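Peer 1: Sequence:
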Amino acid sequence: MSQIEVTPVERRRWFMFAILLVGAFLPPLDFFIVNVALPSIQEELDTVSSAEQLVISSYATLYAVTLITGGRLGDLYGRGRMFFLGLVGFATASLLCGIAASPWVLISGRALQGVTAAVMAPQALASVQAIFPESEKPLALSLYGAVFGLASVVGQALGGILISLNLIGLGWRAIFLVNLPIALLVILFGIPVLKETRARHASKLDLGGTALSMVTLGALIVPLIEGREAGWPLWAWLSMAAVPLLAWLFWRYETRLHQAGGAPLLNPAVLQAPGLGRALLVALSFYSIGVFFLLLSIYLQGALNASALSAGLIFLPFGMGFLLGPLSTAHGKRLLGDYVNSVGMGLEVVGFLALTWLVLATPISAAPPSLLLAVILFVIGFGQGLAMPTLMRMVTGRVAPAYSGMIAGITSSTLQISTSLSVALIGGVFYTLLGTHTDPAAITHAFTVSLLCIAACLALGAWLSVTLARQPALALKASTIRPS
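Our numbering applies: residue 114 is where the sequence shown begins, and numbers increase by one.
Since the hints were made in silico from the structure, they are not lab data. Because the structure is a prediction, the values reported are computed rather than measured. Glycine is no exception: its CB is placed at the ideal position from the N, C-alpha and C atoms. The reader is advised that the hints may include incorrect statements.
Unchecked claim - DEER-style ranges, computed between Cβ atoms: (1) Pro-346 to Ser-153: 24 to 32 Å; (2) Pro-482 to Leu-320: 55 to 63 Å; (3) Leu-473 to Pro-294: 44 to 52 Å; (4) Ala-343 to Leu-473: 46 to 54 Å; (5) Thr-323 to Trp-217: 23 to 31 Å; (6) Ile-300 to Ile-212: 32 to 40 Å; (7) Glu-156 to Gly-374: 53 to 61 Å; (8) Gln-372 to Trp-345: 37 to 45 Å; (9) Val-562 to Pro-357: 27 to 35 Å; (10) Leu-358 to Asn-418: 41 to 49 Å; (11) Pro-246 to Pro-346: 47 to 55 Å; (12) Arg-125 to Leu-293: 21 to 29 Å.
My request is simple: use the sequences and hints to build the entire structure.
Peer 2: Written out as structure tokens, the structure is:
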């Protein structure tokens with residue numbers, strides 16, 4: 114049906130990929146970096162708690178609901194073009210955040226950041242399928258995974274450093290304005306290097322499917338992110354109850370468009386690739402760890418009275434493991450074959466069970482042994498990092514390169530939904546068990562039960578991954594996808 118213009122032997126592919134990786138690095142960086150700035154933002158802009166929540170949730174929500182569209186835009190109109198368009202938009206939104214004089218201007222800037230990040234971010238993952246030969250894809254995906262580990266480490270540290278330095282009196286504004294010189298350098302060096310990749314015979318964007326996908330994802334993600342903070346009002350339950358109907362309408366629309374010879378946002382034939390459904394279920398369980406960072410901070414500061422700085426430093430072993438894990442994937446592949454993802458997620462399960470034991474074995478209000486805690490957090494981070502590149506390959510490798518943007522958007526969106534579900538469901542378990550109690554014993558009990566919930570979700574993902582390892586990914590060729 115469609116072909117890729119750039120051949121696998123493109124000599125500048127690694128330089129191109131390095132440029133595109135900036136688009137994968139900035140979105141998670143800006144998610145992590147803003148957390149440390151919230152107290153300073155509240156002090157200067159006099160924000161209420163609901164506005165502070167919107168500073169985070171407006172970005173997270175619009176990023177998640179736009180990812181599929183952003184990936185498909187790269188397929189249709191060029192991945193390099195969409196990358197630079199998203200980058201310019203992201204820089205503009207960062208400027209708006211950096212000069213914001215009111216909470217609502219800041220929230221508007223964060224919303225624009227979310228949309229433009231979703232246009233920029235999928236292009237790196239989509240380009241792995243388009244520009245690399247099979248022999249180089251594992252290394253490219255390992256580097257892609259390492260970027261997330263680097264962002265998690267750099268985000269927390271850089272935010273604290275920039276606010277502490279208070280460069281030319283900018284304070285918290287520096288965490289947004291720092292994106293401007295990065296964007297400028299990437300544009301100056303990237304435009305001469307980045308060669309366009311896209312489907313040769315591009316069709317028009319499926320506007321109806323785009324609208325339906327955003328409404329469907331929004332109906333799921335908005336209540337998941339906002340519901341608990343708002344006390345689970347009626348609108349949240351009605352919104353989530355409408356998701357199955359909206360998903361059916363979306364699927365029906367896309368199927369009819371495909372049968373009529375159109376170009377749907379989500380091609381139903383592509384989504385029927387063998388094993389793809391299970392691979393996406395693995396992705397859905399993968400970020401059940403998302404709520405862990407919040408819960409560990411509550412445990413450290415609420416039950417152990419640790420300072421914010423000490424609590425932040427405790428995350429460093431996890432970040433180092435997450436950074437080193439993807440770089441070890443190639444060695445793991447030689448030792449473990451197609452079971453690298455299963456072993457990585459299995460290591461996370463072991464780590465969470467060990468952390469549960471360590472917390473329970475430590476006297477209430479006493480800090481667990483620092484070295485043992487650091488080793489356990491490193492193992493969890495390493496397992497997460499080891500599994501991530503093979504998870505990306507597990508999903509994207511089942512779809513032809515012509516649809517790599519589409520599947521990259523689906524994968525990224527699934528991971529975002531996984532994070533939201535983790536915060537809503539496992540976070541709900543934590544706060545339900547905690548109730549109105551704030552004493553160390555209650556926090557410790559709620560924390561350990563939540564750790565077991567995370568371990569159970571990861572164990573399910575590891576088991577599904579084992580079943581997929583026995584079914585090699587055979588990408589569905591674009592030439593076989595025709596309207597029925």
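Peer 1: Compare the structure with each hint and give your call.
Peer 2: Results for each hint:
1. Pro-346 to Ser-153: 24 to 32 Å: holds (30 Å)
2. Pro-482 to Leu-320: 55 to 63 Å: With Cβ atoms ~57 Å apart, the hint holds.
3. Leu-473 to Pro-294: 44 to 52 Å: The hint (44 to 52 Å, Cβ to Cβ) holds, given that Leu-473 and Pro-294 are roughly 48 Å apart.
4. Ala-343 to Leu-473: 46 to 54 Å: For Ala-343 and Leu-473 the Cβ distance comes to about 33 Å; the hint is violated.
5. Thr-323 to Trp-217: 23 to 31 Å: Given range 23 to 31 Å: holds, Cβ gap about 27 Å.
6. Ile-300 to Ile-212: 32 to 40 Å: Once the Cβ atoms are compared, 21 Å apart, the range 32 to 40 Å for Ile-212 and Ile-300 is violated.
7. Glu-156 to Gly-374: 53 to 61 Å: holds (58 Å)
8. Gln-372 to Trp-345: 37 to 45 Å: Given a distance of about 40 Å, which is inside 37 to 45 Å, the answer is holds.
9. Val-562 to Pro-357: 27 to 35 Å: holds (29 Å)
10. Leu-358 to Asn-418: 41 to 49 Å: holds (48 Å)
11. Pro-246 to Pro-346: 47 to 55 Å: Given about 52 Å between the Cβ atoms, the range holds.
12. Arg-125 to Leu-293: 21 to 29 Å: holds (26 Å)
Against the hints set out earlier in the document, violations occur for numbers 4 and 6.
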